[in-house]
Amino acid sequence: MTFRIALVLALATALVFLTLPVVAIFVDSSPGRLIDSLGEPGALDALWLSLRTTAMALAIILAVGTPAAYLLATRSFRGKALVVTLVELPLVLPPAVAGIALLAALGPAGILGGAIEATGFELALQTAGVVVALTFVASPFYVRQAMAAFAAVDRTLLDASRTLGASEARGFARVMVPAAMPGLAAGAALAFGRALGEFGATLMFAGSFQGVTQTVPLAIYDRFATDFDAALALSAVLVAVSAAILLSVKLVQGSEVLGAAAR
Amino acid sequence: MRRALALLAALALLAPASGCGGDDAGGSAKPRLVVSAGSSMSEALTACGRDHPGATVRLQFAGSDALAAQIRRGVKPDVFAAANTRLPAQLHAEGLLSAPVEFATNKLVLAVPAGSEIGSLGDLAGAGTKVAIGSNSVPIGAYTRETLARLPAAQEHAILANVRSEEPDTKGIVGKLIQGAADAGFVYLSDVEAADRRLTAIELPARLEPEVAYAAGVVEGAHQPDRARAFVEGLHGGPCAAALGEAGFGPPSR
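Protein chains in written order, with the numbering used here: chain A, 1 to 263; chain B, 1 to 254.
FYI, nobody ran anything at the bench for these hints, they're computed from the structure. This structure is a prediction, so every number in the text was calculated from the model and none was measured. Watch out, some of these pointers could steer you wrong.
Residues from chain A shown here face chain B by an in silico Cβ test under 8 Å; the list is partial [what the hints assert, rightly or not]: (1) L103; (2) G107; (3) A124; (4) L125; (5) G207; (6) F209; (7) T213.
Think of the CB as a built atom: it goes at the ideal place given N, C-alpha and C, for glycine as much as any other residue.
Kindly produce the complete structure, drawing on both the sequences and the hints.
Okay, structure coming up:
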């Protein structure tokens, strides 16, 4: 009995602690003022930039991460555990570390800085730099989930397609990816959410400039000191989008469970 | 077992309540003095804050505007020291800060990485020059815009068109310059001094220079008002004044 009370108390504490700040975003300002603050051009620029850079980062993550995760999930080789750990590492890196690391590697004074400059391409303080930062921090979220999804697919499906004469490439595209789709979608949603909220690595590597590198989290920080209502309004948008992402992940996973039950 | 688990859960519930006292329990019985100060003062105040008599000084640095916003939202450090006189004056007018005391001055300079070919303001307008400045809300950004506004309009626009990043504090500008991400930036002379010769300061013509004065006050509702007052007074007479001088700050103008 005492134990059950303790469990309920723990859950109640967690619930209040986790939801109160989110609720406060909507309560601390009136809906009308929130909408007014969103009409400001800087806020719209930030939303549009966040959307664009996050979409680009996600496209890169899907294009490279899907085959990479497939390889890691379907082959075993020496040092695989090490490779998986390295791929997953940005997951636990503090964003400030990611920012410093990107500058040290790809910044103008970084180890590849000269090579990048020679191609005439610029990353630091450019929109492309934001995409690089988002891709770096968000890709492990997708690759991890995609690996698990591919690993969970019944291999006899792929073997059957091979027996019927399909190449492995065809089997990958026509059998494995569709079969792993719910897991891939969930991974993509998580990566999208992480990229959308990126702050530290973006500020350090790409800087902050309206319409070019100032994504929504940076715009929130910029307004925090001068216009708290505007900061709240942008925060409310991020909360709504993030909640929608989480919900869609749950729905996808829910339908997966239902689908499995039906089979 | 059951009792042990319940005890653990109870402890977990109590932990947040006792947590705030945890910092003082670090062995020293000295009271803690929390000082919120603009980023540009971090080297100087860290040096003198360590051996402040009678209190353990806890310094937190950020853009002065962000620190003022925290105070407006009910955060109560003991001392607020800003890179301008406007923010402390505003907080004083709002009843959140004691009458501010001006304790130091600084110089706005054009900073470039050591060995840069940029030698004057005139070189900033060229195509492809990447300039980093402070965001409009932070004092360094306001001083920079004030200065640029005194230039001929065409030159001002050309320089502003080359701005690639608006950083939330001086550290961000210095970082972008040292990393080569930006070619030039506007910071305080003390920031260049703190950068260990990796940056070169180019002084601005006197007619363009803004008046950069630092002011501090005791936050209303401070936990240690007496010690806070002593700290503020020490900023323009005590060891912190000496540390500020060494870091490149000037004495207060009045």
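Given F209 of chain A as an interface hint, is the shortest Cβ-Cβ distance to chain B below 8 Å? holds (5 Å)
For the restraint on L125 of chain A, tell me whether the closest CB of chain B is nearer than 8 Å. Holds, about 4 Å.
Status of the hint placing L103 of chain A at chain B (closest C-beta pair under 8 Å): holds (5 Å)
Does G107 of chain A pass the interface check with chain B, least Cβ-Cβ distance below 8 Å? It holds, given that the least Cβ distance between G107 of chain A and chain B is near 5 Å, below 8 Å.
Tell me if G207 of chain A is really an interface residue toward chain B, meaning its C-beta lies closer than 8 Å to one of theirs. holds (3 Å)
Residue hint A124 of chain A, partner chain B, criterion CB-CB below 8 Å: holds (4 Å)
Quick check on the hint: T213 of chain A CB to chain B CB, less than 8 Å? Holds: closest Cβ of chain B sits about 7 Å from T213 of chain A, inside 8 Å.
Every hint from the earlier list agrees with this structure, and none is contradicted.
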